[in-house]
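Engineer: Could you build all of it, start to finish, from the sequences and the hints given here?
Quick note: the sequence shown uses my numbering, first residue 1, plus one each step.
Some clues are possibly wrong.
[To be verified] The following label-pair restraints were derived from C-beta to C-beta distances:
#1 Pro-9 / Gly-99: 35 to 43 Å
#2 Arg-81 / Gly-145: 26 to 34 Å
#3 Asn-144 / Ile-2: 38 to 46 Å
Treat the hints as calculated values from the structure; they're not laboratory data. Heads up, the beta-carbon is just placed ideally off N, CA and C, and yes, glycines get one too.
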Amino acid sequence: MIIPPHTCPRDWIGEACVIVASGPSTAEVDLGIIAGLRCIAVSHGCRAVRDADALLFGGQSFARNRAWVPYRGPLIVMGNRPFPATSGERRMVYMPRAGAFGLSVDPATLCGAESSVTLAINYAVHRGASRLILLGCDGKPGPNGERRIGGAESDTRDALRRYADQERVMRSQIEPLAVRGVGIVNCSPGTALACYPRADLRDAIAAC
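Structural biologist: Spelled out as structure tokens, the structure:
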């Protein structure tokens with residue numbers, strides 16, 4: 001089966017979107033309070049929000065391992081070229097990358113690197129979201145050294161360097177988001193990321 005390219009519809013104009021990444025801190029959050037908001041699962045974040053509006057991933061290991069299996073929602077976006085392991089999944093589409101930094105203005109491409117969160121941010125902007133709420137963006141290993149929510153896999157020895165590389169790319173999106181009037185807050189409990197304003201999840205939802 002051919003995996004089709006995807007052009008984002010602009011159908012979330014003015015809405016808030018919760019982006020749920022893979023970080024272990026999401027296990028500490030009452031996800032019931034995000035019901036009714038737009039939601040994007042990022043990679044293994046689909047273990048926490050199985051019915052998100054979309055699942056987005058960029059890594060080939062995620063595709064190779066068919067790690068999207070827990071996801072029950074309508075749309076899976078691969079932020080890369082199609083990978084053979086995705087064949088046969090009818091919800092799967094792909095979007096090529098326009099570059100590593102900033103935001104693409106072309107609704108058929110995404111900018112981002114190092115972390116699929118950057119791709120998901122660009123995707124939400126394409127669809128018209130005006131406020132982004134981040135969960136699972138920890139910027140550090142979990143309390144027991146784990147790398148991802150719902151898994152026992154330990155983080156790697158180069159984890160701190162990897163998180164620093166991710167934050168460098170994330171910072172490149174801050175100004176383009178501000179220019180577009182898109183607000184962003186990180187509601188991941190105990191996050192180590194310094195690039196995003198931090199907020200309590202309930203407060204962030206109340207401000208929407």
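Engineer: If a hint holds in the structure, say so; if it doesn't, say that too.
Structural biologist: Hints, verified against the model:
no. : hint                         : in the structure
1   : Pro-9 / Gly-99: 35 to 43 Å   : violated, 22 Å
2   : Arg-81 / Gly-145: 26 to 34 Å : holds, 33 Å
3   : Asn-144 / Ile-2: 38 to 46 Å  : holds, 42 Å
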